[in-house]
Each structure stands twice: as C-alpha cells, then as structure tokens.
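Protein chains in written order, with my numbering: chain A, 1 to 150; chain B, 1 to 150; chain C, 1 to 150; chain D, 1 to 150.
Read the hints as simulated data drawn from the structure, not as lab findings.
Take these hints with a grain of salt, some might be off.
Unchecked claim - In silico EDC-like pairs for lysine to aspartate or glutamate, Cα to Cα no more than 16 Å straight-line:
(1) LYS48(D) to ASP81(B)
(2) LYS48(C) to ASP108(A)
(3) LYS48(B) to ASP81(D)
(4) LYS48(A) to GLU18(C)
(5) LYS48(A) to ASP81(C)
What the hints assert, rightly or not - So the derived list for chain D, only partly shown, Cβ under 7 Å to chain A, looks like this:
(6) ALA22
(7) THR24
(8) ASP25
(9) LEU26
(10) GLY28
(11) HIS31
(12) ALA75
(13) PHE79
Said to hold, decoys possible - To spell it out: a stretch of chain B is covered by chain D in this simulated footprint if at least three of its residues, at any positions, have a beta carbon under 8 Å from a beta carbon of chain D; those stretches are:
(14) 20-34
(15) 37-49
Idealized CB from N, CA, C, for every residue including glycine.
Number of protein chains: 4
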Amino acid sequence: MTLESVDLKAAVVAVDVEIRFAETDLMGVVHHASYIVWFEIGRIAWMKAAGMPYTEIAGSGHHFAVTGIQAAYRASARFGDTVQIYTRLAKLRSRQIEFAYELRNLADNALLATGVSEHICVDLEGRMTKIPQTVVDRLFAGAALLGSRE
Amino acid sequence: MTLESVDLKAAVVAVDVEIRFAETDLMGVVHHASYIVWFEIGRIAWMKAAGMPYTEIAGSGHHFAVTGIQAAYRASARFGDTVQIYTRLAKLRSRQIEFAYELRNLADNALLATGVSEHICVDLEGRMTKIPQTVVDRLFAGAALLGSRE
Amino acid sequence: MTLESVDLKAAVVAVDVEIRFAETDLMGVVHHASYIVWFEIGRIAWMKAAGMPYTEIAGSGHHFAVTGIQAAYRASARFGDTVQIYTRLAKLRSRQIEFAYELRNLADNALLATGVSEHICVDLEGRMTKIPQTVVDRLFAGAALLGSRE
Amino acid sequence: MTLESVDLKAAVVAVDVEIRFAETDLMGVVHHASYIVWFEIGRIAWMKAAGMPYTEIAGSGHHFAVTGIQAAYRASARFGDTVQIYTRLAKLRSRQIEFAYELRNLADNALLATGVSEHICVDLEGRMTKIPQTVVDRLFAGAALLGSRE
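Looking at chain A on its own, in the form it has when it is part of the complex:
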C-alpha cells in the first residue's frame, strides 16, 4: 500500500458546529473570518478521526503552520443554524499537508462554503522541517481506514 494507492478523497470526516452568537457581525450573518476557524475545527476533527490527534503532533514538538487559505463563500450562515464541516486530506507530502473543506447547513444541506488550507511542518522555533515519518504513516493509515469505511 502506497500513498498513491489511497483515495484521499474518500476519507471524509464530518463534524457539526452550532453557530455562536459571537460569530455573527452587523450584517446579521456569520462573519467570513469565522469560516477559517471552522476549517481548523474540521482538520482537527479529521486528524482525531484518523487516529493521529493534533495534540500528539504538537506534543512531539511540531506544528502544521498555515501557508495558504482559499475560501469560496456560497451562502450565508446564521445564528441558530448548525454548520456541518466536511473535511478531507487533499495532499500529503514529506513537508506539506493540505486539507479541503465543504461546509453545509445541517438543516437543508445547502452549501455554505468550500475551502482549502495548505500547511508546512515547523518545529517549536517555527523552522520548516519534515513531517515526522510516524506522523505521515499514521495520517496515511488513517486516511486509508476512513476511506474504506465509507
């Protein structure tokens, strides 16, 4: 089994977030920066579901620093709604990892936003480093397992 043989797209993890009053702005809907925090909740949930919790990665002295964010907003989210965050691992290299997101309104499944986050691995001093092989292996194995479960 190699990374290439794993269908990363199939390994989707869903997590629900009840919209917080504090996440809205004076337009009456959720502020667009909140979605970026939801993406983060999504990838944290993905890693946990994959058996490689981010707390362990951080505990080993590594972080996945964000190098890029893309978000496309399709519909407004409102206080009282619940957002369903679907996350999948989009790319996994020795030094880079990328997640893709789809946000839907739990009530009617309406697409709220899509997005991507790109990351590099850094050590506690913020220096770029390789993702520890054990982390790569566990993320990879988790993706395979999650993908086969669907």
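Starting from the known structure of chain A, fit chains B, C and D onto it as the hints suggest.
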C-alpha cells in the same frame, strides 16, 4: 476618464495595526484567521482614504459581502510587532469588487502575507444587487486620486 | 406558582465545548476572553433547554444586551480539553435577567472558572424595554421544569 | 518613595482603537467580549507607556495571567466609532497586579464601559510566582512618572 483608464494598482493605502495579545495562539505567533480580519481593516481604510467610507455604504442599505478569500502566509507575525497593511482596489465591476493586500512587518519590512478578497454587493436582506452607481463613481474617483498622489 | 417559588438555582443546563486551537494564545492556554464567549454559549443553551430559544426572542425584535460581566478564573484550559459549561438563571425581573456560570474541565471535573452575566432587554433600536411577558413566562416555566427534572 | 506614596490613580494612559467590523455582532453593535480584548490593549499600552513593556515581561519568562474580570457596559459602541481606552494601575502587590479601565467614545466622550482586570504572575509552566522585583520596581517608577506628568 473611464474605469479602464485608472491604474487601480497605483492606488495603495497603508494602515498600521499593532498586534494584539489576543490575536496569538499557542504556537506563539499570530493565528492565521487574524490576517483575514486585518484584510478587512485594510479595505475599510482604503475606502475611507478614497472618500467613500464603508459606514456610508452600509448606511445606504448595502454591504460588500465576501464571496472569496485567498491568503498566502510568508512569515510569522508576533505579539509586539506592528503590521503594515497595504491595500489596493484590484477590480471594480457593477456587481463585484475585489481588493488585494500585502502585509509587512513595520520593523523590517518583511513580507508577512499577501491576499485577495472578492465581494458582491447585497442589500439588507442579503440579496445580490448592483453596487449603487454613486458608490462606484466615488470609489473610482478615489482610486484615481489615490493613484495620482503616489 | 410564582417566580419566587421557583428555585432558580436548581435549573442547571450543561453543555460541552471542545476547545478550539484559535481560542488559545501565546501563553499556551485559552485566552481569557474566550470564556466570555463560552458564557454566552451557556445561556443560549439554557434558554433552548428551557423552551424559550434565543432565536425566538431575537425574532420577536428583542435582545438581552449585556450590562455586566464578572468572571473568576481558577485554572487554565488547554487545547484538546473539553469544557463543560453549567448555566443557571440567577435572576429574572421585568427588565433584567442574569445568568450564572460554572466551567469545568470534562476530563477531571476541575473548576476552570465561575461567572455572571447581567442583561437588560432592548428593542431592535437598542432602547431599553420590558422583557415581553410571554418571554418571562416561558423562561420561568422552563426554569421550573428544568429544576424539577434534576 | 514607596509604593504607598505613589498615587496610582493619577497614572492614566489613553489609547485609541478604531472599531473593527469583525468586532460587531448581529445586534448591530460591538459584541461584549470585544471589550475584554480592549481592556488587554489598554494594559499593554499602560505598561509600554510606563517603561515596562509586556513583551519584556514575557521575554523574561513571566506572564500576568488573568484571574478576574469585571465589566460594566453603559452604552453601545458601533462600527465606525473610535474607542478611547483609559487605563490605570489599580493595585500592585508582590504577587498580584490589577488594572482599571474606562472606555469612552472618542466622538462625544460618552462612557461606554468601565472594568477591572486582576492578575497573578505565573512562570512559563503556568505556576504562580512572585512578580520579579525589577518588574515591580519599573512598573512602580513608571506609575510615579506617568502620575506626575498629568
């Protein structure tokens, strides 16, 4: 003078933001979602400098809802640093407006991030609408003025 | 049955919140302002459990504007932890409402913080107004029900 | 000169904050948790003005962890407004420090909120510790200087 004849790239507005302790995360640097809020500060400052304050746009019953965000993170920002946000108007159509951002560390001019935000005009009920012609005209005139000042 | 005869202290609603990475700061623990947002999550959950969802109050053109916050921080909360927010209605008058909070670490039940929020009722223009009688009645009935359930 | 002989109340530092769009909520005004972040901006500014920047305190391996917050909200703040944060050192002990805040609308001097934050000194592991004597001395000298300047 037409919109096409105005060099939007030349109309850059700079605003400084002192980094808040609350904007950092456990990695010891600024959380990536804070940059998205800084982009917003940048475009608000741009519109104010251009003579078309966002408070007036909102007061007239319109909002520039965010439809897309792209951000590329180049270096970490830290508590104690001051970020210089350079904003320019990247696109202005009858229904769309787009801003581009460059964030630099005031101390050493190091590039922290670049980004783009795309917007459509909506009314108070969130329905897509044309940007009021007077708003387009004033933004356009402001861009011309700001560009010629450089 | 009168308001005075209801033991408001008995009507406690618990809600769990997984700590977000974005809620931490460079001290490595949760930023203290995040607890204020958790209080809000607590009272929203309380009202929902009591059968008087805040979305309905807002929908009727009223808001419970915050007039006072007190928070006592006892222990740090960390990314990876889950916070259990216990909320009770502390006071209910014709124009005022007050909630009390107790935050505990789900893992070991350690007390993280206690707090109180005081509110007045305002209309959509922000003018002080009486809490609609139907809202008072439903909150009161909800408190009685929740209290008897324990 | 002793701590008791310094009139801490006289040492007030003012800092202006332009309200961010992201700080508002669906009530159309600034969310109450944002004021807690403004308090933090106020005390950071106070320490800087007093000649004992918080970056240096943190750099020496200490933090002023928040143990208590009280806030009284008097008037709403709106996007487009500028808030003037007045901060003074309210108490300074070997292990505790306390700041008091007054927030005013720059445009009309209207009182927006008052508040207090209580802190203990902790080391990088979060253990309670004495405030380093040099920090106490410099804060104390700064307060004396700021107070005499008024």
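Tested hints:
1. LYS48(D) to ASP81(B): Holds, at roughly 13 Å.
2. LYS48(C) to ASP108(A): Violated, because 21 Å separates the two Cα atoms, which is more than 16 Å.
3. LYS48(B) to ASP81(D): The given pair, whose Cα atoms are some 13 Å apart, holds under the 16 Å limit.
4. LYS48(A) to GLU18(C): With Cα atoms ~13 Å apart, LYS48(A) and GLU18(C) stay inside 16 Å; holds.
5. LYS48(A) to ASP81(C): holds, 13 Å
6. ALA22: holds, 5 Å
7. THR24: Because about 4 Å separates THR24(D) from the closest Cβ in chain A, which is inside the 7 Å limit, the hint holds.
8. ASP25: holds, 5 Å
9. LEU26: This interface hint holds because 4 Å falls under the 7 Å limit.
10. GLY28: Holds. Min distance 5 Å.
11. HIS31: holds, 5 Å
12. ALA75: With a closest approach of 16 Å, the ALA75(D) hint is violated.
13. PHE79: Interface hint status for PHE79(D): holds (6 Å vs cutoff 7 Å).
14. 20-34: holds (count 3)
15. 37-49: holds (count 4)
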